[in-house]
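J.: Take the position in the sequence shown, starting the count at 1, then add 537; the result is the number in my numbering.
One thing to keep in mind: the hints can contain errors.
[Claimed, not checked] Simulated crosslink set (DSSO-like; lysine-lysine; CA at most 30 Å straight-line):
#: 1; residue 1: K728; residue 2: K956
#: 2; residue 1: K892; residue 2: K952
#: 3; residue 1: K589; residue 2: K976
Calculated directly from the structure, the hints in this document are not laboratory data.
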Amino acid sequence: MRLSRYFLPTLRETPKEAEIISHRLMLRAGLVRQEAAGIYAWLPLGLRVLNKVCAVIREEQDRSGAIELLMPSIQSADLWKESGRYEAYGKEMLRISDRHDREMLFGPTAEEVITEIFRGSVRSYKDLPKNLYQISWKFRDEVRPRFGTMRSREFLMKDAYSFDIDQATARHAYNKMFVAYLRTFAGLGLKAIPMRADTGPIGGDLSHEFIILAQTGESEVFCDRQYLDFDVPPVTTDFDDVAGLQGTVDRWTSLYAATSEMHEPAAFAEVGEDKQMAARGIEVGHIFYFGTKYSEAMGAKVTGPDGVDRAVHMGSYGIGPSRLVAAIIEASHDEAGIIWPDSVAPFDVALINLKTGDAATDAACTEIQANLEANGLTVLYDDRDERPGAKFATADLIGLPWQVVVGPRGLAEGKVEIKRRAGGERESVAPIDLISRLKRS
538 MRLSRYFLPT
548 LRETPKEAEI
558 ISHRLMLRAG
568 LVRQEAAGIY
578 AWLPLGLRVL
588 NKVCAVIREE
598 QDRSGAIELL
608 MPSIQSADLW
618 KESGRYEAYG
628 KEMLRISDRH
638 DREMLFGPTA
648 EEVITEIFRG
658 SVRSYKDLPK
668 NLYQISWKFR
678 DEVRPRFGTM
688 RSREFLMKDA
698 YSFDIDQATA
708 RHAYNKMFVA
718 YLRTFAGLGL
728 KAIPMRADTG
738 PIGGDLSHEF
748 IILAQTGESE
758 VFCDRQYLDF
768 DVPPVTTDFD
778 DVAGLQGTVD
788 RWTSLYAATS
798 EMHEPAAFAE
808 VGEDKQMAAR
818 GIEVGHIFYF
828 GTKYSEAMGA
838 KVTGPDGVDR
848 AVHMGSYGIG
858 PSRLVAAIIE
868 ASHDEAGIIW
878 PDSVAPFDVA
888 LINLKTGDAA
898 TDAACTEIQA
908 NLEANGLTVL
918 YDDRDERPGA
928 KFATADLIGL
938 PWQVVVGPRG
948 LAEGKVEIKR
958 RAGGERESVA
968 PIDLISRLKR
978 S
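Can you build the whole structure from these sequences, using the hints too?
T.: Shown next as structure tokens:
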């Protein structure tokens with residue numbers, strides 16, 4: 538993609554309303570634009586990142602055995618009245634009426650809808666277990682939306698819902714998601730620590746938040762620093778191995794880790810001083826087991842092996858992709874701009890032409906772009922008639938993993954310069970060696 542033909546409305550100045558790093562950089566780098574309080578348009582560069590994040594999430598959800606579907610954003614109030622949550626949820630729910638004065642709402646979550654789908658389709662324990670997920674837009678009318686897409690009113694959410702015959706199998710479903718989440722965040726270039734958490738309006742008695750550590754995190758967290766050295770479950774993880782998954786979850790919950798709401802100073806004091814870590818954190822995922830809370834209220838039952846109907850045990854599992862984009866920036870940036878992990882970068886390479894209009898550099902850049910793309914790398918080619926300094930600033934701001942710099946002086950020596958955005962290392966290579974060098978890292 539040539540930058541002269543792309544839509545990338547970057548900003549030189551930081552908007553006054555941007556309070557945290559991710560919000561500032563997302564606006565300046567042309568990822569999003571605010572349309573109303575807590576409501577954002579995702580511009581082309583931002584949408585590419587958002588889609589990359591969703592792809593990693595989907596891969597791990599599918600690997601764990603979850604099945605994707607898509608539910609409506611506009612939901613009937615009648616379902617929420619069945620569950621008893623319509624009045625209890627509060628003003629965060631956007632309540633609307635259609636032209637026939639039927640009470641509707643813009644879904645903040647989808648437990649009621651998925652339970653209604655399940656109860657109308659599944660009758661026997663032989664059809665269990667099931668875990669159904671979607672990636673869709675939600676709306677919560679936050680009293681004070683802030684921090685850009687970190688806490689917005691409209692947001693993209695991956696929400697999964699498990700259905701099991703009893704508590705034991707439901708716990709295994711919970712463990713599947715626990716391990717899938719560890720792998721998901723690692724795949725996004727993040728180290729997430731699971732912490733005991735309050736279940737809030739979702740309900741239930743087993744819940745973990747997945748927290749990444751960042752100096753600009755929204756809340757204080759407390760944990761044993763040994764978690765930083767834990768290995769993420771491998772790609773070969775067997776999600777049908779009940780004992781194996783339980784062992785992984787037991788290990789990842791064996792040390793102290795709690796959000797400020799669940800913090801117990803006396804228990805934390807028992808952690809050796811050299812292992813205590815109090816830090817700022819960002820919630821990037823939340824999982825719940827809530828038993829028969831919704832199935833009892835809404836009549837979601839299956840016939841068991843004994844011929845008796847029983848309410849299914851359920852859990853829900855959320856990840857916010859739009860929030861994750863901001864969280865990744867909070868965890869990976871410097872004074873010049875964003876530093877994208879390879880797995881979610883909108884393009885792999887920023888190709889910078891230092892002398893647009895020069896026949897030799899133009900031809901070299903065209904050939905390099907074609908070769909890179911033919912070898913599976915995505916390229917944003919800065920062919921604008923701009924000063925080199927402006928091009929370098931744009932490349933650093935948008936944070937693509939690699940910069941390939943082509944100029945007359947280097948070409949005269951048969952070389953181009955490459956820069957790794959994450960560490961800033963530079964080296965000169967022959968164009969013929971460019972592919973092997975970029976793919977080696």
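J.: Does each hint fit the structure? Answer for all of them.
T.: So, going through the hints one by one against the coordinates:
1. K728 to K956: 25 Å, holds
2. K892 to K952: Holds - the C-alpha atoms of K952 and K892 are around 15 Å apart, at most 30 Å.
3. K589 to K976: With Cα atoms ~19 Å apart, K589 and K976 stay inside 30 Å; holds.
In summary, the structure agrees with every hint in the numbered list given earlier.
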